[in-house]
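Number of protein chains: 2
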Amino acid sequence: MSLRIAVDAMGGDHAPEHPVAGAVLAARELGADIVLVGQREPIESALRQHTPAPDVEIVHAEEVIGMDESPATALRRKRGSSIHVAAQLLRNGEVSGMVSAGNTGAVMVMAKLYVGSIEGVDRPALSVVLPTLLGHVVLLDVGANIDPRSQHLVQFGVMGHFFATQILGVKNPKVGLLSIGQEAGKGTDLIREGHAALRRSPLNFIGNIESNDIYSGATDVVVCDGFTGNVVLKTSEAVVETMLYLLRDELTSTRRGKLGARLARESFRNYRSRVDYASWGGAPLLGLKGSCVICHGRSSAKAIKNGIRVAIEYGEQRVSERIEEALRGLADEQLVEAPADSPGPSA
Amino acid sequence: MSLRIAVDAMGGDHAPEHPVAGAVLAARELGADIVLVGQREPIESALRQHTPAPDVEIVHAEEVIGMDESPATALRRKRGSSIHVAAQLLRNGEVSGMVSAGNTGAVMVMAKLYVGSIEGVDRPALSVVLPTLLGHVVLLDVGANIDPRSQHLVQFGVMGHFFATQILGVKNPKVGLLSIGQEAGKGTDLIREGHAALRRSPLNFIGNIESNDIYSGATDVVVCDGFTGNVVLKTSEAVVETMLYLLRDELTSTRRGKLGARLARESFRNYRSRVDYASWGGAPLLGLKGSCVICHGRSSAKAIKNGIRVAIEYGEQRVSERIEEALRGLADEQLVEAPADSPGPSA
Numbered sequence: 094m095s096l097r098i099a100v101d102a103m104g105g106d107h108a109p110e111h112p113v114a115g116a117v118l119a120a121r122e123l124g125a126d127i128v129l130v131g132q133r134e135p136i137e138s139a140l141r142q143h144t145p146a147p148d149v150e151i152v153h154a155e156e157v158i159g160m161d162e163s164p165a166t167a168l169r170r171k172r173g174s175s176i177h178v179a180a181q182l183l184r185n186g187e188v189s190g191m192v193s194a195g196n197t198g199a200v201m202v203m204a205k206l207y208v209g210s211i212e213g214v215d216r217p218a219l220s221v222v223l224p225t226l227l228g229h230v231v232l233l234d235v236g237a238n239i240d241p242r243s244q245h246l247v248q249f250g251v252m253g254h255f256f257a258t259q260i261l262g263v264k265n266p267k268v269g270l271l272s273i274g275q276e277a278g279k280g281t282d283l284i285r286e287g288h289a290a291l292r293r294s295p296l297n298f299i300g301n302i303e304s305n306d307i308y309s310g311a312t313d314v315v316v317c318d319g320f321t322g323n324v325v326l327k328t329s330e331a332v333v334e335t336m337l338y339l340l341r342d343e344l345t346s347t348r349r350g351k352l353g354a355r356l357a358r359e360s361f362r363n364y365r366s367r368v369d370y371a372s373w374g375g376a377p378l379l380g381l382k383g384s385c386v387i388c389h390g391r392s393s394a395k396a397i398k399n400g401i402r403v404a405i406e407y408g409e410q411r412v413s414e415r416i417e418e419a420l421r422g423l424a425d426e427q428l429v430e431a432p433a434d435s436p437g438p439s440a
Numbered sequence: 094m095s096l097r098i099a100v101d102a103m104g105g106d107h108a109p110e111h112p113v114a115g116a117v118l119a120a121r122e123l124g125a126d127i128v129l130v131g132q133r134e135p136i137e138s139a140l141r142q143h144t145p146a147p148d149v150e151i152v153h154a155e156e157v158i159g160m161d162e163s164p165a166t167a168l169r170r171k172r173g174s175s176i177h178v179a180a181q182l183l184r185n186g187e188v189s190g191m192v193s194a195g196n197t198g199a200v201m202v203m204a205k206l207y208v209g210s211i212e213g214v215d216r217p218a219l220s221v222v223l224p225t226l227l228g229h230v231v232l233l234d235v236g237a238n239i240d241p242r243s244q245h246l247v248q249f250g251v252m253g254h255f256f257a258t259q260i261l262g263v264k265n266p267k268v269g270l271l272s273i274g275q276e277a278g279k280g281t282d283l284i285r286e287g288h289a290a291l292r293r294s295p296l297n298f299i300g301n302i303e304s305n306d307i308y309s310g311a312t313d314v315v316v317c318d319g320f321t322g323n324v325v326l327k328t329s330e331a332v333v334e335t336m337l338y339l340l341r342d343e344l345t346s347t348r349r350g351k352l353g354a355r356l357a358r359e360s361f362r363n364y365r366s367r368v369d370y371a372s373w374g375g376a377p378l379l380g381l382k383g384s385c386v387i388c389h390g391r392s393s394a395k396a397i398k399n400g401i402r403v404a405i406e407y408g409e410q411r412v413s414e415r416i417e418e419a420l421r422g423l424a425d426e427q428l429v430e431a432p433a434d435s436p437g438p439s440a
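Sequences listed follow chains G and X, in order.
Position one of the first sequence corresponds to residue 94 (my numbering), numbered consecutively onward.
Position one of the second sequence corresponds to residue 94 (my numbering), numbered consecutively onward.
Wrong hints could be hidden among the right ones.
Which copy is meant is left open, because identical chains are indistinguishable; a pair holds if it fits in one copy or across any two.
What the hints assert, rightly or not - Lysine-lysine pairs mimicking DSS-like chemistry, simulated, CA-CA at most 30 Å apart:
#, residue 1, residue 2
1, K264, K351
2, K279, K205
3, K279, K351
4, K267, K171
5, K205, K351
6, K205, K267
7, K395, K382
8, K267, K351
These are calculated hints, taken from the structure and not from any lab test.
Keep in mind that this is a model prediction, so the values were computed, not measured.
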């Protein structure tokens, strides 16, 4: 029996249509057991677009948190929002996971508040899977922790390791630390301390990498602070979009270009799907007691369905539990920063 | 009469061939007055590939700094290197600018040491020009200062402003601060303090931007710390290369794809040149007393020629002098950080 997943029907730029359509796809194609959370009437109306409508439960939530609302304000003022209600369902064990394409900050804050972190994880991290020339790479953190310390980077590495093994099926995944040069001594203080801490960990740490290595397939997991990771993610998306736009612009500006593009239509379709960052499905908030997947605000039905798939696999593979066990197994000294100055024996 | 430019003939992955070929192109097409710096024999041999060889002076430098050598070691041990000699020519006023595709760290260290910063600039910044949907954007710092303070971000803004006006011809350029959200309160401490300091400056500051705004043309200048800027630059290059590779892979995998690609050949050629980050020429080290342009290690002859063009324009437009005047005009309080805690009146 599939695990039960709450889907925030009100989250994203095309809510409730896309989340509802994604839930319908997941129910049909994956046999997923879905709870749609949000305003009952618009959800029912969106469900009626799909016949025969699969058997999907609705849990009503009156309020909707806007995409640009401050998470702190939303937390205080909109206690009946779909994100609140979904997080509460997860906390109470009524569902095994939640999926939202809504306000990322609000989802993170409420998941952390209601669901909490597993033991050994100080700060859950948002992770994404990016395509590389050889396969896929897990990048984390991409926005949950903008100012982590070195022991958090090690925890990110452990979480990325288990995500890569359990969800992507990579054996003994390579873990790299994102910096601006491969030398251990290069980069900020955080990078230098993080490098030393990762070196002491039992992870398959390959050292510092540069951002061009993310896409070459040189590593399976890339660890960084949430500010840098968010910049990498948004820069990548922007370059992909700009390049697709310019390609279209060039091909449509001449008759020969148009003709060539028509002939090679199938190649272009495959190409677009290979560079489509949304196709993977969503970013799991790793380290949470439970499975919470955050999808892009612009998610299509297919992206939502893939987000639901990730949430189910995450639960089935017991990723949270495995991370918790692994962190318990790590010797304390491996996760604690070296003291800035070691005091000598007391006089 | 064109300004005299020293070109590091030994710098880059294809030295001395590409730097020499770039210098020849610049002499022919721009009428540039070039001094090639490096080992005389290989340079003369490379020059003989070009007939008729233009009148280019050679200044011999015995040693070559490797692309991966530590700048600190190179500074101490290789005092006769082409980078040293070029920086000394610039310091002594024998040339007006220098161009190198060599070891970036070594060029920065030696330019700062021998040539020095202009008054008002604490730390020169490496800047690049990137293509956007609407034109170009200046991004700085991309690697010279990985841990700046907020007043340095304002100086980067001033330098970017003058680069955009004098070299790119933009009137009253918009300056944005790179963060992970548009809200002034979002981001690291540096971002919050930098935002406040830029707000107080006379720059046309449009506030915080996200990295997708870099390529949309929303701003003319993007200010960030050198770690983040370097990550943006390398991520962008990596995504461009990955996308070109995948496009080629798809188009060559079927007969229709190959045929379509052949028909649209000209469109693809234009496309490649529009997304070619190397085509702009090089990254000037802004804030230096003199013009120093650092080119990509993989620079083609055309890229070197464009780097030489930037170095000439930089000098002709008196960019350094204008930055110096502007910084002198800024009131002190606009450039100084607010104290972390304001002490009350003494008891």
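Hint check results:
For the homomeric pair K264 and K351, neither the shortest alpha-carbon distance inside one copy (45 Å) nor that between copies (37 Å) is at most 30 Å. For the identical chains of this complex, K279 and K205 are inter-copy neighbours only, at 19 Å across copies versus 33 Å inside a copy, given an alpha-carbon limit of 30 Å. Neither within a single protomer nor between protomers do K279 and K351 lie at most 30 Å apart by alpha-carbon distance, with minima of 48 Å and 44 Å respectively. When the C-alpha separation of K267 and K171 is checked against a cutoff of 30 Å, the pair qualifies neither within a copy, at 42 Å, nor between copies, at 37 Å.
With identical chains, the CA atoms of K205 and K351 are never at most 30 Å apart, being 50 Å at best within one copy and 51 Å at best between copies. Taking the shortest Cα distances, K205 and K267 sit within 30 Å of each other inside one copy (28 Å), while across copies they are farther apart (38 Å). Only within a single protomer do K395 and K382 lie at most 30 Å apart by alpha-carbon distance; the minimum there is 26 Å, versus 56 Å between protomers. Taking the closest pair of Cα atoms, K267 and K351 never come within 30 Å of each other, the shortest separation being 43 Å inside a single copy and 36 Å across copies.
Hint check: violations occur at hints 1, 3, 4, 5 and 8; the rest are consistent with the structure.
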